[in-house]
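Protein chains in written order, with my numbering: chain A, 7 to 449; chain B, 15 to 516; chain C, 10 to 141.
The set of hints was computed from the structure by calculation and includes no laboratory data. By construction, the Cβ of each residue, glycine as well, lies at the ideal position given by its N, Cα and C atoms. Hints may be right or wrong, so weigh each one.
[What the hints assert, rightly or not] Partial list, computed: chain A residues near chain B (C-beta under 10 Å):
(1) Pro11
(2) Leu64
(3) Leu94
(4) Pro195
(5) Thr304
(6) Arg308
[Stated by the list, open to error] In silico lysine-lysine, DSBU-like type, Cα no more than 30 Å apart, as pairs:
(7) A/Lys419 / B/Lys350
(8) A/Lys290 / A/Lys157
(9) A/Lys38 / A/Lys67
(10) C/Lys117 / C/Lys11
(11) B/Lys511 / A/Lys328
(12) C/Lys78 / B/Lys478
(13) B/Lys198 / A/Lys178
(14) A/Lys159 / C/Lys67
(15) C/Lys67 / A/Lys328
(16) C/Lys23 / C/Lys111
(17) B/Lys339 / A/Lys408
(18) A/Lys156 / C/Lys67
(19) B/Lys272 / A/Lys328
(20) A/Lys50 / B/Lys326
(21) B/Lys263 / A/Lys43
(22) B/Lys478 / A/Lys178
(23) B/Lys485 / C/Lys78
(24) B/Lys467 / A/Lys23
(25) A/Lys290 / A/Lys162
(26) A/Lys67 / A/Lys18
(27) A/Lys419 / A/Lys194
(28) B/Lys121 / B/Lys380
(29) A/Lys408 / A/Lys162
(30) A/Lys237 / A/Lys328
(31) A/Lys408 / B/Lys340
(32) A/Lys162 / B/Lys350
(33) B/Lys191 / A/Lys158
(34) B/Lys340 / B/Lys191
[To be verified] From the derived model, a few chain B residues whose C-beta atoms are all more than 12 Å from chain A:
(35) Leu41
(36) Arg53
(37) Ile268
(38) Tyr395
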Amino acid sequence: MRYLPHTDQDIKEMLAKTGYNSLDDLFPTIPKSYRVKKEMCLPKPLTEWELNAHMAELSSKNASTSSHKVFIGAGSYPHHIPSIIPYLISRSEFMTAYTPYQPEISQGTLQGIYEFQTMITELLGTEVATASHYDCGTALSEALMIALRKKKKQNKVAISSLVHPHHRQIVKTYLEPAGYQMVELPSKPDGTTDLSPLDTMDDIAAVAVQSPNFFGCIENLGKVKEIATKKNIFFITSFTEALAYGLLKNPGHFGVDIVAGEGQSFGIAQSFGGPGLGIMTSSKQYVRDLPGRLVGRTKDRRGEDGFVLTLSTREQHIKREKASSNICSNNGLNAMTAAMYMATLGKVGIRKIAQINHDKAMFLKTKLEETGFKVPFATPFFNEFVVKAPDGFEAKRESVKKRGIVAGLAIEKYYPTLKNHYLFCATEVFSKDDIEMLARELK
Amino acid sequence: MEEHIANTCRGGVQKCHNTHQTATSGLIFKESFLWGKSREGRCAVSIPAQDVEESLLDPELTADAPELPQLSEMDVVRHYTRLSQWNFGVDSGMYPLGSCTMKYNPKTNEVQAARPGFSGAHPLLDEDLCQGALEMIYNLEQYLAEITGMEAVTLQPAAGAHGELAGMLAIHAYHAKTGHQRSKIIIPDTAHGTNPASATLCGYESINIHSGEDGILTPEAVAAVMDEETAGIMITNPNTLGLFEESIKEIADIVHAKGGLVYGDGANMNAIMGIVKPGDLGIDVIHLNLHKTFSTPHGGGGPGSGPIAVVKALEPFLPVPRVEKKDDRYTLVYDKPDSMGRMLTFHGHFSILVRAYSYILTMGAKGLTDVSKLAVLNANYIKESLRGDLHLPYDRPCMHECVFTDKFQADNGVSTLDMAKRIMDYGFHPPTVYFPLVVHGAIMIEPTETESKETIDQFIGAFKSIVQEAKENPEILKSAPHLAKLSRLDEVSAARKPVLRG
Amino acid sequence: MKELNELNLPEDLKYSDDHEWARVDGDIVTIGIDDYAQDQLGEVVFVEVPEVGDTFSKGDQFGTVESVKAVSEIYTPVSGEVVEANEALADAPELINNSPYKDGWIVKIKADDLSELDNLKDKASYFQMLKG
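So here's chain A without its partners, still in its complex pose:
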């Protein structure tokens, strides 16, 4: 086996040193009755070449961005990934390192994450960002838990029903066993959150709104802030499309307390939904309440600049049962990827690509309208939007699949009243021809 370097001679010598007669004898502390009696039932081992063939076949059973035009976002967005990103992130000094607990020989990871923290706070207008979380849904759950811990007297949070449905499911999974409740805010006819029920809620610790929301609509964050301030509750926002903030006013502009976001759009392959990149960022006053790792700047004994993991007393391995979160491994390599992406686009590139995303989505909207689709929500959007499909669309959608087109995502299963409604997305990866072809096929 090519990963196991031991020769028969090595094994013999090492056994002699340890005083055992055979490899099977190496487990004297495991009672005999516990030992397995027969070999595990697994497929026979494959050579590298057999594995290649098997995986090529398996992967070919999926529609991907290289075989299909998938006009779906909804939390996972197709974007161009510049060649330098997979090339650089594959450097094994990054890829095969552990968490940088030994800073003297981990400065690459540490500076890279420090730069990530810096660029994320610049993007979102906040003051501190953690070294990453698993994904937006888990980051949002933890953001709400911070609010609940800080506002000890309240045990409820209000969350917009236009937050990604899967994220709301995660929040529920996290909150309920801990004895907390979430209340959902309904939507208004314009496709944004109805904040009016907040007026009569006295026992909530936080309000959370996603913008652009699950329908793609840009929420009025200024209004949310106004209410949060009046009620003295946490103002939390989330987002699934990070690229939107190359164009839109960021959450920091609206005085947000904590932002939970998804960074998949920043150079990270969609990979059937994971791993993504959970972003958690806030104003400075909550720095000691944030879950997960933080990289800080300091000096070494010779006075050279360097970086360390810092404020680690917040974490589970020191605070144990009193820790605010149990997160340990995070999605650090994807944070590094996102940093590379932001550095590659830069100030000029992120603006242009964000604008092109909006342009393509507007063009798609126009084309779909010409084809008989209705746009139910008048609120401006970034790169995805909801349409009501004309009669007979479902069958057409099935038939165009055969031509390599996936025409939007049905959202009725998330919002039962929205029959025949679909969420469409267009990004910079779709050409004008792609969009016109879609419209033509759907006629």
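Please arrange chains B and C on chain A, whose structure you already have, making use of the hints.
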């Protein structure tokens, strides 16, 4: 050669015993921050063609572009190449971090995960368009169930601690459904550091109990605290001392008799694959770290993957959706009324799962069993080779890792930290230090099965040299490392006045 | 770390088994951590203090003192209301190390019942306890 090394070391007193040293100081580049290199107007990305009309949003909604650094493609490439050279990875050298399992990360796994059909698949595709992804998930669940001896597996949890939380949520949901909710959970002092925090997230109070003098948990200690208000026990086996919990079955019986469940922390599964199955030991739920046992890369802190495997009684509580197979078709099933809910936005860390799947297919049953045997052989070999040089607090056969302390070196004023920093100069990543907490000044060494005898002999030789240095010239240890890019960093100032962004 | 006889333990203070000290001035009790505790903890990097107006019962945790690697909880030896917290610690947590009894005080509590302090130790018996 030896003189040469001495000359390149800063300060001139850091000469290592050269035969054991695998490192020297190379050309290390300075590199500023990204924004230090920024010049107005540079851009490193190829802007897609503007083939549709520009459509401007209401200016009320937009702001100026964020001040990201403006660089050329070469700037970005050189920046990250230089940063990478300041890092130590498994591909650079032996990385014997106890409890972290820094084994070799096979490159074919990377190739498989990068296949466009996997890396370019949208998570919300129609089921008929993602059969390959669902089949992979289904198969991997079956394999992990077989390896652990469990009934069902979910791949959704994103990391070990997340799997722990999922496991505790399964226990929580089980008690809510089948009896009355309980308030406490038993956690031994040899359990993983994340366990108490995971239990708290489920609203359980941690009841901490001590392991016996030999580092092994006794049934009596468990029986003394187990009652009908206790949801169960969280047990790491092999435990964090690298020892097998011999009484696990008896302990499980005690917990089960009072209606509790046994959570097994499977972070150390790499020691027992094909040797014992947790499902045969009375464990009801166990998490696995694919980034430890199943060779996926740690990535400087993640992403990992932390599937959980459960007995039949807990299957209804697993997160949704579940992947099921009906007449050769794979389908996502959401209708599981007792499910704990959802742990992650989509289907787990899919590209990590592809890597682990590739690993299992490459190794096969015998290969995985050999992995555990050789991991245990390597650890015992180190234990026997360094006994006498370093104090061994629990002198009994170890599993895949062994734990020493700095007791013998204390008289020379040398601590575990000093030895850990010094071993960098010899070209090795330090072992895990000061963990587990039950051992004062712990040095926890986990070589893994992928290190060869020659490398391990070099590592042993390096440690013996350091032990010698501790006697003859302790200062060289206290001022270590000498060959790393930086010397020891000021963590106190970093924490007192945090600077967390540039 | 200091030898026991190197510890600075002023005569005029009372000490708790958890290594807090208390100084009584009328019905106001000033509380901090003693030389032994600060020495054990090492360089303090953060002190979490309560807010003025918070009320605590004897034995409640009212704050934490953190070093780089450890968190130590502080408990009040007396019930009452916080009338002042040492704001200087926010910018200078090292005051706990450099001046545990003077500039490094943590909180002042208006005591409900000063007799609660009766079971604190004086210097001699506290020192005896440390010696074990």
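Right, here's what the structure says about each hint:
Restraint check, A/Pro11 versus chain B: the minimum CB separation of about 4 Å is within 10 Å; hint holds. Contact between A/Leu64 and chain B, as hinted, is supported at the beta carbon level, the nearest pair being about 4 Å apart and thus within 10 Å. For A/Leu94, the interface hint holds, since its Cβ comes within 10 Å of a Cβ in chain B; the closest pair sits about 4 Å apart. Because the smallest distance between the Cβ of A/Pro195 and any Cβ of chain B comes to about 19 Å, over 10 Å, the interface hint for this residue is violated.
With a cut of 10 Å, the hint placing A/Thr304 at the interface with chain B holds, because the nearest CB-to-CB distance is about 4 Å. The criterion of a C-beta within 10 Å of any C-beta in chain B is met by A/Arg308, whose closest approach is roughly 5 Å, and the hint holds. Between A/Lys419 and B/Lys350 the CA atoms are separated by roughly 16 Å; this keeps the pair inside 30 Å, and the hint holds. Distance check on the hinted pair: A/Lys290 and A/Lys157 sit about 18 Å apart at the alpha-carbon level, within 30 Å; holds.
The suggested pairing of A/Lys38 with A/Lys67 is violated, with an alpha-carbon distance near 45 Å, which exceeds 30 Å. For the hint linking C/Lys117 to C/Lys11, the alpha-carbon distance of about 28 Å falls within 30 Å, and the restraint holds. With a C-alpha separation of about 23 Å, the suggested pairing of B/Lys511 with A/Lys328 holds against the 30 Å cut-off. This hinted pair checks out: C/Lys78 and B/Lys478 have alpha carbons roughly 29 Å apart, not beyond 30 Å.
Our distance criterion of 30 Å between C-alpha atoms is met by B/Lys198 and A/Lys178, whose separation comes to about 22 Å. Restraint check: the Cα-Cα separation between A/Lys159 and C/Lys67 comes to about 22 Å, which is no more than 30 Å; the hinted pair holds. The hinted pair formed by C/Lys67 and A/Lys328 meets the criterion: a straight-line CA distance of about 21 Å does not exceed 30 Å. Straight-line distance between C-alpha atoms of C/Lys23 and C/Lys111 comes to about 14 Å, which keeps the hinted pair within the 30 Å bound.
A C-alpha spacing of about 23 Å is found between B/Lys339 and A/Lys408, which places the hinted pair at or below 30 Å, so the restraint holds. For the hint pairing A/Lys156 with C/Lys67, the CA-to-CA distance comes to about 23 Å; that is within 30 Å, so the pair holds. Taking the CA atoms of B/Lys272 and A/Lys328, the gap is about 27 Å. The hint holds against a cut of 30 Å. For the given pair, A/Lys50 sits about 27 Å from B/Lys326 by alpha-carbon distance, which is consistent with the 30 Å threshold.
Straight-line distance between C-alpha atoms of B/Lys263 and A/Lys43 comes to about 17 Å, which keeps the hinted pair within the 30 Å bound. Of the pairs offered as hints, the one joining B/Lys478 and A/Lys178 is violated, with about 54 Å between alpha carbons and a cut-off of 30 Å exceeded. For the suggested pair B/Lys485 and C/Lys78, the alpha carbons sit about 28 Å apart, so the restraint of at most 30 Å is met. As the CA atoms of B/Lys467 and A/Lys23 are separated by approximately 12 Å, the hinted pair is consistent with the 30 Å bound.
Distance restraint check for A/Lys290 and A/Lys162: the Cα-Cα separation of roughly 24 Å lies within the 30 Å cut-off, and the hinted pair is therefore satisfied. For the given pair, A/Lys67 sits about 47 Å from A/Lys18 by alpha-carbon distance, which is inconsistent with the 30 Å threshold. Proposed proximity of A/Lys419 and A/Lys194 is supported: the alpha carbons are some 19 Å apart, at most 30 Å. Between the alpha carbons of B/Lys121 and B/Lys380 the distance comes to roughly 21 Å, so the proposed pair stays at or under 30 Å and holds.
Distance restraint check for A/Lys408 and A/Lys162: the Cα-Cα separation of roughly 47 Å exceeds the 30 Å cut-off, and the hinted pair is therefore not satisfied. Of the supplied pair hints, the one linking A/Lys237 and A/Lys328 holds, its CA atoms being roughly 28 Å apart against a limit of 30 Å. A C-alpha spacing of about 23 Å is found between A/Lys408 and B/Lys340, which places the hinted pair at or below 30 Å, so the restraint holds. Among the hinted pairs, A/Lys162 with B/Lys350 is consistent with the structure: their alpha-carbon atoms are about 26 Å apart, no more than 30 Å.
In summary, the hint linking B/Lys191 to A/Lys158 is supported, as the alpha carbons are separated by about 28 Å, within the 30 Å threshold. Distance restraint check for B/Lys340 and B/Lys191: the Cα-Cα separation of roughly 28 Å lies within the 30 Å cut-off, and the hinted pair is therefore satisfied. The claim that B/Leu41 is not at the interface with chain A holds, since no C-beta of that chain comes within 12 Å of its own (minimum 15 Å). Taking the minimum C-beta to C-beta distance to chain A, about 10 Å, the non-interface status of B/Arg53 is violated against the 12 Å cut.
No Cβ of chain A approaches the Cβ of B/Ile268 within 12 Å, the least distance being about 17 Å, so the stated non-interface status holds. Distance check for B/Tyr395 against chain A: the nearest CB is about 5 Å away, which does not clear 12 Å, and the non-interface claim fails.
Comparing the model with each numbered hint stated earlier shows that hints 4, 9, 22, 26, 29, 36 and 38 do not hold.
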